[in-house]
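*Asks:* Assemble the whole structure, with the sequences as input and the hints as a guide.
Number of protein chains: 2
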Amino acid sequence: MINKLISNIKRTGAPIVVGLDPNLKFVPSHILNKAYEAKGETLEGAAEAIWNFNKGIVDHVYDLIPAVKPQIAMYEQFGLPGIEVYKKTVDYCKEKGLVVIGDIKRGDIGSTSESYAIGHLGHAQVGSRLLAGFDEDFATVNPYLGSDGVKPFIDVCRKEGKGIFVLVKTSNPSSGEFQDREVLCDDGKMRRLYEIVGAKVTEWGMDIMGDTYSYVGAVVGATYPEEGRILRDIMPKAYILVPGYGAQGGKGADLVHFFDKDGLGAIVNSSRGIIAAYKNEKYASYGEENYADASRAAVEDMIEDIRTALG
Amino acid sequence: MINKLISNIKRTGAPIVVGLDPNLKFVPSHILNKAYEAKGETLEGAAEAIWNFNKGIVDHVYDLIPAVKPQIAMYEQFGLPGIEVYKKTVDYCKEKGLVVIGDIKRGDIGSTSESYAIGHLGHAQVGSRLLAGFDEDFATVNPYLGSDGVKPFIDVCRKEGKGIFVLVKTSNPSSGEFQDREVLCDDGKMRRLYEIVGAKVTEWGMDIMGDTYSYVGAVVGATYPEEGRILRDIMPKAYILVPGYGAQGGKGADLVHFFDKDGLGAIVNSSRGIIAAYKNEKYASYGEENYADASRAAVEDMIEDIRTALG
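Going down the list, the sequences are from chains A and B. First residue of the first sequence? That's 111 in our numbering, and the numbers climb one at a time after it. First residue of the second sequence? That's 111 in our numbering, and the numbers climb one at a time after it.
What the hints contain is simulated information worked out from the structure, not anything from laboratory work. Just so you know, not all the hints are guaranteed correct.
One copy or any two copies: either way a pair holds, since identical chains are not told apart in the list.
[Said to hold, decoys possible] Cut-off 27 Å, straight-line C-alpha distance, at most; resulting in silico cross-link-like pairs (DSSO-like, lysine-lysine):
1. LYS371 <-> LYS120
2. LYS149 <-> LYS198
3. LYS165 <-> LYS120
4. LYS389 <-> LYS347
5. LYS347 <-> LYS269
6. LYS261 <-> LYS135
7. LYS144 <-> LYS389
8. LYS135 <-> LYS269
9. LYS114 <-> LYS197
10. LYS149 <-> LYS197
11. LYS149 <-> LYS389
12. LYS135 <-> LYS165
13. LYS347 <-> LYS261
14. LYS361 <-> LYS149
15. LYS165 <-> LYS204
16. LYS261 <-> LYS371
17. LYS206 <-> LYS165
*Replies:* Below, the structure is given as structure tokens:
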């Protein structure tokens with residue numbers, strides 16, 4: 111799957127991923143009203159609105175981009191109907207040829223992590239059959255529980271040809287609270303916790319390599335360009351998924367050091383900046399009705415911004 | 111909800127929680143076959159089997175225990191039908207008067223954590239209505255992203271009268287890989303990462319207090335009794351959820367220091383040791399058909415073991 115991601119990136123010339131993180135506040139009123147008329151002001155109605163909102167965006171941008179990253183929390187907030195639409199979104203994007211990165215940030219102890227890995231990337235043994243639950247192409251994984259929480263994901267990836275992105279340095283303001291702590295290492299030197307996690311990503315990914323990059327990637331926020339530079343060196347074979355571009359403050363120029371010299375090695379996510387583009391003054395002229403056209407324009411501008419930054 | 115948890119513990123005299131972490135390997139063949147006959151070897155069939163398995167156990171133990179802790183990963187592995195049974199299990203246990211701790215280990219950046227909190231502990235605004243998604247009483251939360259990943263959970267808890275348990279020192283063998291690292295603190299002293307996270311739990315929980323304990327608790331593994339002692343001191347007002355008893359190796363005698371002098375302050379989880387008790391030599395005489403009676407006997411023995419340890 112890392113090879114497919116890279117080939118999609120090369121084909122589109124766009125090292126970007128659109129974060130499908132729908133929020134009812136972003137859904138235009140014509141879609142919202144139609145969903146409530148059909149299903150009422152219910153969780154089903156909210157889920158229906160989100161599905162139609164997503165579909166509009168995907169239909170308008172899929173040819174420009176290599177991948178999408180649905181954030182499962184935005185669906186989970188609407189309970190079962192929400193998760194049903196998460197699955198529908200994953201399936202639809204895959205039909206469109208997109209690589210789907212499930213932003214699920216799961217992580218637990220061994221046997222439990224295995225169940226998450228099976229549900230999202232693998233197949234469950236049910237009697238004599240092997241059945242897929244959510245079937246994303248990649249998943250994001252939280253490393254706080256250590257190797258035996260991460261390795262079950264890697265085992266499933268190896269079997270299924272799928273991949274993970276491990277949280278290393280997240281994009282949020284307080285990510286430093288634990289991730290930036292200076293830690294005493296076995297060689298007597300002090301390093302930041304994110305550097306230690308980054309070194310583990312390299313170790314975990316070593317024997318599960320695609321053609322040029324590992325199936326084990328990392329999440330490093332666009333809002334921390336200096337840390338991105340350091341981590342690029344520590345994790346030479348890890349693809350870096352970079353959230354925090356756009357609405358969170360990251361700019362193309364901040365991203366240069368996340369990439370390798372060949373322009374590969376990183377994929378930049380934008381969520382609100384794309385899916386709620388019509389709410390941004392810059393794209394407001396499209397109007398609410400044409401929200402998906404505004405998203406397409408925002409994708410084109412983002413690609414241009416990153417191309418310019420990478421030279 | 112922390113007050114209800116404590117009152118349930120006092121009423122039952124049992125500071126324990128049964129982990130509803132079903133696995134098809136634990137489900138007796140009569141339940142499995144019936145489910146496959148009704149729904150085929152499908153995700154729906156697997157979910158049906160797990161639901162009937164769970165119901166049998168809950169019906170046989172609910173009067174002995176204050177709380178249950180369903181592990182959502184075990185349901186998520188079966189995709190949508192699995193999550194539907196997670197919800198059904200949560201609802202059924204609440205009807206039985208049990209406190210439900212959703213072991214979901216979620217955690218993300220601010221607005222995304224908020225969505226998880228809304229979905230699991232709160233209410234989503236849908237048009238003019240406020241609707242609950244999963245509606246557990248407590249949830250477990252991963253702290254790796256720092257305060258702005260945890261605080262949205264606390265905000266929802268404050269509004270809803272619910273609680274969280276933050277992962278501090280987990281029960282698995284490699285939990286030390288990051289959690290035990292020695293970290294340089296602002297006062298120039300070195301402390302373990304789990305001590306720093308523990309201090310944050312105290313800080314986060316300070317102004318969201320129940321009658322005697324905070325709505326913000328912590329997860330500390332039974333497999334690390336010495337760390338339990340240290341963390342009890344660092345987090346005097348946090349209820350400690352203690353996994354790792356039984357199948358993972360923790361014993362009653364290891365648990366003494368997790369509790370306060372009054373026998374409160376901690377609640378000990380056992381999953382496999384209870385729900386798959388009939389597979390244990392000690393309870394094998396019950397037979398597969400009577401798996402739920404074996405679970406009841408295992409609950410009684412666990413309560414006895416902990417009572418003896420606490421004197």
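*Asks:* A separate judgement is required for each hint: does it hold in the structure or not?
*Replies:* Evaluation of the provided hints:
Taking the shortest alpha-carbon separations for LYS371 and LYS120, only the intra-copy value of 14 Å comes in at or below 27 Å, while the best inter-copy value is 64 Å. Proximity of LYS149 to LYS198 under the C-alpha cut-off of 27 Å is found in both arrangements, the shortest distances being 17 Å within a copy and 22 Å between copies. In this assembly of identical chains, the alpha carbons of LYS165 and LYS120 lie at most 27 Å apart only when taken from the same copy (24 Å versus 52 Å across copies). In this assembly of identical chains, LYS389 and LYS347 lie within 27 Å of each other by CA distance neither inside one copy nor across copies; the values are 38 Å within and 45 Å between.
Taking CA atoms no more than 27 Å apart as the test, LYS347 paired with LYS269 passes inside one copy only; the shortest distance there is 20 Å, against 45 Å between copies. When the C-alpha separation of LYS261 and LYS135 is checked against a cutoff of 27 Å, the pair qualifies only between copies, where the shortest distance is 21 Å, while the shortest distance within a copy is 38 Å. Taking the closest pair of Cα atoms, LYS144 and LYS389 come within 27 Å of each other only inside a single copy of the chain (20 Å); across copies the shortest separation is 53 Å, beyond that limit. In this assembly of identical chains, the alpha carbons of LYS135 and LYS269 lie at most 27 Å apart only when taken from different copies (21 Å versus 40 Å within one copy).
In this assembly of identical chains, the alpha carbons of LYS114 and LYS197 lie at most 27 Å apart only when taken from the same copy (21 Å versus 36 Å across copies). For the identical chains of this complex, LYS149 and LYS197 are neighbours both inside a copy (19 Å) and across copies (21 Å), given an alpha-carbon limit of 27 Å. Taking the shortest Cα distances, LYS149 and LYS389 sit within 27 Å of each other inside one copy (26 Å), while across copies they are farther apart (46 Å). For a Cα distance limit of 27 Å, the shortest separation of LYS135 from LYS165 inside one copy, 17 Å, qualifies, whereas the shortest one across copies, 39 Å, does not.
In this assembly of identical chains, LYS347 and LYS261 lie within 27 Å of each other by CA distance solely inside one copy; the values are 18 Å within and 35 Å between copies. Taking identical chains as interchangeable, the C-alpha atoms of LYS361 and LYS149 are never at most 27 Å apart, the minima being 40 Å within one chain and 52 Å between chains. In this homomeric assembly, LYS165 and LYS204 come within 27 Å of each other (Cα to Cα) only inside a single copy, at 12 Å, whereas the closest approach across copies is 37 Å. When the C-alpha separation of LYS261 and LYS371 is checked against a cutoff of 27 Å, the pair qualifies neither within a copy, at 30 Å, nor between copies, at 39 Å.
When the C-alpha separation of LYS206 and LYS165 is checked against a cutoff of 27 Å, the pair qualifies only within one copy, where the shortest distance is 11 Å, while the shortest distance between copies is 41 Å.
Violated hints, in rising order: 4, 14, 16; the structure is consistent with all others.
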